[in-house]
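Undergrad: Spelled out, the chains give:
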Amino acid sequence: MSDAPRLFEQGLIRTRLKRAIRQGAEDFLLARAGADLSDRLSAVLRHFDVVVDWGTPGPHAADALLASGKVGRLIRSAPLIEALAPSPYPSIVADAGLFPFGRESVDAVISLLALQTVDDLPGALMQIRRALKPDGLFLACLIGGSSLTELRQSLAAAESEIEGGISPRVAPFADISDLGGLLQRAGFALPVSDVDSFTVRYASPLGLMHDLRRMGATNALTERRKSPMRRATLIRAMEIYAERFSDPDGRIRASFELIWISGWTPHESQQKPLKPGSASQRLADALGVREMVGGEKPDRLK
Amino acid sequence: MHSSNESAASTERHIDPKLLELLVCPLTKSVLRYDAERQELVSSAARLAYPIRDGIPIMLPDEARMIDDSER
Numbered sequence: 000m001s002d003a004p005r006l007f008e009q010g011l012i013r014t015r016l017k018r019a020i021r022q023g024a025e026d027f028l029l030a031r032a033g034a035d036l037s038d039r040l041s042a043v044l045r046h047f048d049v050v051v052d053w054g055t056p057g058p059h060a061a062d063a064l065l066a067s068g069k070v071g072r073l074i075r076s077a078p079l080i081e082a083l084a085p086s087p088y089p090s091i092v093a094d095a096g097l098f099p100f101g102r103e104s105v106d107a108v109i110s111l112l113a114l115q116t117v118d119d120l121p122g123a124l125m126q127i128r129r130a131l132k133p134d135g136l137f138l139a140c141l142i143g144g145s146s147l148t149e150l151r152q153s154l155a156a157a158e159s160e161i162e163g164g165i166s167p168r169v170a171p172f173a174d175i176s177d178l179g180g181l182l183q184r185a186g187f188a189l190p191v192s193d194v195d196s197f198t199v200r201y202a203s204p205l206g207l208m209h210d211l212r213r214m215g216a217t218n219a220l221t222e223r224r225k226s227p228m229r230r231a232t233l234i235r236a237m238e239i240y241a242e243r244f245s246d247p248d249g250r251i252r253a254s255f256e257l258i259w260i261s262g263w264t265p266h267e268s269q270q271k272p273l274k275p276g277s278a279s280q281r282l283a284d285a286l287g288v289r290e291m292v293g294g295e296k297p298d299r300l301k
Numbered sequence: 000m001h002s003s004n005e006s007a008a009s010t011e012r013h014i015d016p017k018l019l020e021l022l023v024c025p026l027t028k029s030v031l032r033y034d035a036e037r038q039e040l041v042s043s044a045a046r047l048a049y050p051i052r053d054g055i056p057i058m059l060p061d062e063a064r065m066i067d068d069s070e071r
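Top to bottom, those sequences are chains A and B. Using numbering that gives the first Met the number 0, you'd call the opening residue of the first sequence number 0 and step up by one each time. Using numbering that gives the first Met the number 0, you'd call the opening residue of the second sequence number 0 and step up by one each time.
Worth flagging that the hints you see were computed from the coordinates, not collected in a lab. The model shown is predicted, which means the values in this text are computed figures rather than measured ones.
Simulated restraints on C-beta separations: (1) G54(B) with D62(A): 16 to 24 Å; (2) Y33(B) with L6(A): 29 to 37 Å; (3) R250(A) with R46(B): 50 to 58 Å; (4) D177(A) with L19(B): 30 to 38 Å; (5) R250(A) with L19(B): 49 to 57 Å; (6) P4(A) with S29(B): 22 to 30 Å.
We put the CB at the ideal spot given by N, CA and C, even for glycine.
Using the sequences and the hints given, assemble the complete structure.
TA: Quick look at the structure:
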């Protein structure tokens, strides 16, 4: 199987998510992604017989898919059983990095906020591409690399100041430039990626930390420091956050970035570039200009 | 998440037969055998039996039961 380094502890991610759901999950990121998904689906002029909602930790993708009227059968998956209930759809529990559907068995795979904590993302995309039928759609939204940059900087500054060293506390999320290439390498045609960047303001950094816990999104990195953060470090980090990243009214800013990626499994009906040299008309004729031969300069430059 | 195989089989919800046709082993991508009595999806290739709880297949290798040769 995969030799990718284990960046994330999948079991711990499930434990954190379970706690968040039990306490009443905070879902503003999922709700934003779900609303965006509805818009994106309205631009897709196709019907999909079998659709997999891959790993979305709430009903947001399933609801948007159902409302689109473009889905025959919907199968939901989530990292744990609690994130599925109550689900009227056939459902499975699965690890977002291990796609358990047979070759060319599904028509679309849609995923919200699940793939950012997969250790081997290229491998996961490859598995998804193989399970899609020709002309099948893959559309996913991931938390991007510029998210929580203020928190990352504040924690690092406080930790080095007080404890004399830093440990990874905010996950290294993927960059959009990496993701476009990954889609292509995984064999997807017509790859597209774009970013939804926005700022959320909180009364204090503690409000942000509270939300992250309620999203089940606290540190699950394998290389994280296992002992709890010292109180002095946490307090200093909150001070630095408030000093560096607050607005004139005293509220603090937290950056979030949602990266959207999509691709289609290749099919002969899709648009593709012609082979070089296969043109049947001159470009100069199409443009209504005189064709120049090599080395000749345009009139105005003479 | 504790549930014995016997109690799982007696629950109301059953696995969707159309879902069964689509699923493969998450590790080996090979076919799965449905064991209705034990409520498991058995991957001979991976030597793992994935539990089905309340009609929901748990496709996590960490939660699967290792099987021996006699069950393959």
